[in-house]
Amino acid sequence: MSNSFEPKILAFLCNWCSYAGADLAGVSRMQYPPNIRVVRFMCTGRIDPLFILKALTSGVDGVIIAGCHPSECHYGKGNLYTRRRILMTKKLLECIGIDPARLRLEWVAASEGPKFAQVIRDFTEETKKLGLNPLEALTRGEGIK
Amino acid sequence: MKTNLYLAWSSDRKIQETGNSGGAVTALLKFALEHKKVDAVLAVKKRNNSRFDAVPTLITDPGLIHETAGTLHFAPVSMVKIVKNYLDGARNMKIAVTCKPCDARAIIELAKRKQIQLENLFLIGLNCSGTFLPTVAEQMISEAYGENPQDLVKEEVDNGKLIITLKDGSTREKDLEELAQKGFEMRENCLRCSYKIPRMADIACGKWGNSGKEATFIEICSPKGHEFLDAAAENGALVMEAATSEQIEERKQEETAAVENAQAREQKELDVLKNYSPDERLKFWSSHLQRCIKCFGCRDACPLCYCKDCYLEPYRGCVAGGETPPDIMFQLIRLSHVADSCVNCGQCQDVCPMEIPLTRLYNCLNRELVRIFDYQPGVDVNQYPPLTIVTDQELFIDAPDIINITSAAE
Ligand code: SF4
Ligand code: SF4
Ligand code: SF4
Ligand code: FES
Numbered sequence: 047m048s049n050s051f052e053p054k055i056l057a058f059l060c061n062w063c064s065y066a067g068a069d070l071a072g073v074s075r076m077q078y079p080p081n082i083r084v085v086r087f088m089c090t091g092r093i094d095p096l097f098i099l100k101a102l103t104s105g106v107d108g109v110i111i112a113g114c115h116p117s118e119c120h121y122g123k124g125n126l127y128t129r130r131r132i133l134m135t136k137k138l139l140e141c142i143g144i145d146p147a148r149l150r151l152e153w154v155a156a157s158e159g160p161k162f163a164q165v166i167r168d169f170t171e172e173t174k175k176l177g178l179n180p181l182e183a184l185t186r187g188e189g190i191k
Numbered sequence: 010m011k012t013n014l015y016l017a018w019s020s021d022r023k024i025q026e027t028g029n030s031g032g033a034v035t036a037l038l039k040f041a042l043e044h045k046k047v048d049a050v051l052a053v054k055k056r057n058n059s060r061f062d063a064v065p066t067l068i069t070d071p072g073l074i075h076e077t078a079g080t081l082h083f084a085p086v087s088m089v090k091i092v093k094n095y096l097d098g099a100r101n102m103k104i105a106v107t108c109k110p111c112d113a114r115a116i117i118e119l120a121k122r123k124q125i126q127l128e129n130l131f132l133i134g135l136n137c138s139g140t141f142l143p144t145v146a147e148q149m150i151s152e153a154y155g156e157n158p159q160d161l162v163k164e165e166v167d168n169g170k171l172i173i174t175l176k177d178g179s180t181r182e183k184d185l186e187e188l189a190q191k192g193f194e195m196r197e198n199c200l201r202c203s204y205k206i207p208r209m210a211d212i213a214c215g216k217w218g219n220s221g222k223e224a225t226f227i228e229i230c231s232p233k234g235h236e237f238l239d240a241a242a243e244n245g246a247l248v249m250e251a252a253t254s255e256q257i258e259e260r261k262q263e264e265t266a267a268v269e270n271a272q273a274r275e276q277k278e279l280d281v282l283k284n285y286s287p288d289e290r291l292k293f294w295s296s297h298l299q300r301c302i303k304c305f306g307c308r309d310a311c312p313l314c315y316c317k318d319c320y321l322e323p324y325r326g327c328v329a330g331g332e333t334p335p336d337i338m339f340q341l342i343r344l345s346h347v348a349d350s351c352v353n354c355g356q357c358q359d360v361c362p363m364e365i366p367l368t369r370l371y372n373c374l375n376r377e378l379v380r381i382f383d384y385q386p387g388v389d390v391n392q393y394p395p396l397t398i399v400t401d402q403e404l405f406i407d408a409p410d411i412i413n414i415t416s417a418a419e
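Protein chains in written order, with our numbering: chain A, 47 to 191; chain B, 10 to 419.
The set of hints was computed from the structure by calculation and includes no laboratory data. Model, not experiment: these values are computed from the prediction. Incorrect hints may have been included.
[Said to hold, decoys possible] FRET-style restraints, in silico, Cβ to Cβ:
hint, chain 1, residue 1, chain 2, residue 2, range
1, A, H115, B, E364, 46 to 56 Å
2, B, I411, A, G122, 13 to 23 Å
3, A, L178, B, D160, 52 to 62 Å
4, B, F405, A, P79, 26 to 36 Å
5, A, D94, B, D407, 19 to 29 Å
Here a beta-carbon is modelled for each residue, glycine too, at the ideal position from N, C-alpha and C.
Modelling step: build the complete structure from the supplied sequences, incorporating the hints.
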């Protein structure tokens, strides 16, 4: 895969922390790659593993989820449920032959603008290395090469 | 201390003859109905007198219990959806259910989800050393044994052998391994299953440990089990004697051997997949799943798929309607929904018209989840599915990929 590959990344962000963190990164003019498209959730606890699977079978190369640190979720434990679900989803991906590194969970607080930018830089780099998501070709009906 | 390990047999000569191993289970079912301990019995009987075709049957007349006597190895049916769908989840009825370990486990999983009222059930667990698909079994009897399948009157699995009894009273036996080489194997989920004795049921019954006697070895696994058996013994329907230490040892050895066998099999089969490169694995599964004709059989047969509003339906917006093979999402949804609680019962694979090795897929993921979440599906009704709970302790773990000290995900 040449370096010109630009992965498509979906970022599922919690309204109360990471979304604000992204905002802070923005207003502070921190640089991060433009590969992400953001979906805002009221809490990471709302993220059904199906959203992740749907994204990965619809041509997205990586999914990053960022939420409040443990014990800081606005709704108490939404992020803890999500942590368990992501563990399951990563194993699921591994079982069917998709690199679980295409999915990542991070905690980013509203004040952590620099962390947000860093996380996105890292994840974009990593997804770039992984290349085109093979599930995409599969769902386009082209089979696996 | 009161023991929970017994040898038991029916006091009724006729039941002794028709039932297996002294007819203890048949006697117990009859007793439960006659003395109104339960409203009905749910058990399996032959259809058209064929050992390759069994149906679950609900019995309220003690005079009909004999129809369910004996064990069938060639007709795996699940009792679970019957209880859930057609008997109202046992909400209005006390039912004694005979169940294989996977049935008992699925019932417990559904009880956790408030789909079955466990208090109203008396689970009579039957030890299980595995079952064959009826089609495989019929062909095996005629080709490997050279006998007419219709002449079969009994079959049993013992010490790695499959022993069949024919109409004329004669028996034939063959090594399971030898049969496997000819292509006649048990259902693959059974071969990998290490739940041989259903201790999650109220009682677990089987012939292991009966030292060749016409008796059933019974392990009592719950207070309800004690209550039932005490009553049946007091009434005289069942003759019980405490198992001797030799019998207990004999049973333990049989169990250990069977479990080790299954574990080795599981390891071997799943390692094949594990050792594939990710691309090979994706290729393997996609080539299987590309055969799917979207009949919904796997969902409809799975005891854990009970949702009224299923995500696989086109109006839910996840899987487009009118397309075969369906989007890979179809199986991924089911996989993500049941993998944590899959009891490896094999129903999904049995019904799949395209012979997709579905249980292997579920088993693969389930084995990983068992390790991460320390969750054994269908064993303890008070242990909730791992994706439906979190612990207070987790509030203080910061890593995004760890939920406890032992679960470090690599
Ligand atoms: S997924 Fe298949 S093996 Fe697992 S519980 Fe459902 S029907 Fe049984
Ligand atoms: S596939 Fe999912 S939504 Fe559909 S019945 Fe099974 S568990 Fe329920
Ligand atoms: S039973 Fe088999 S063919 Fe039918 S929907 Fe399930 S996987 Fe597809
Ligand atoms: S509110 Fe941010 S993860 Fe729950």
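When you take the CB atoms of I411(B) and G122(A), is the distance between them in 13 to 23 Å? Since the Cβ atoms of I411(B) and G122(A) sit about 20 Å apart, the hinted range of 13 to 23 Å holds.
Between the beta carbons of L178(A) and D160(B), is the distance compatible with 52 to 62 Å? Cβ of L178(A) to Cβ of D160(B): about 60 Å, so the range 52 to 62 Å holds.
Satisfaction of the hinted span 19 to 29 Å by the C-beta atoms belonging to D94(A) and D407(B): Because 24 Å falls inside the window, the suggested range holds.
Does 26 to 36 Å hold as the CB distance between F405(B) and P79(A), or does it fail? 33 Å, holds
If I claimed the Cβ atoms of H115(A) and E364(B) lie 46 to 56 Å apart, would that claim hold in this structure? For E364(B) against H115(A), whose Cβ atoms are near 48 Å apart, the range 46 to 56 Å holds.
Hint violations for this structure: none, all hints satisfied.
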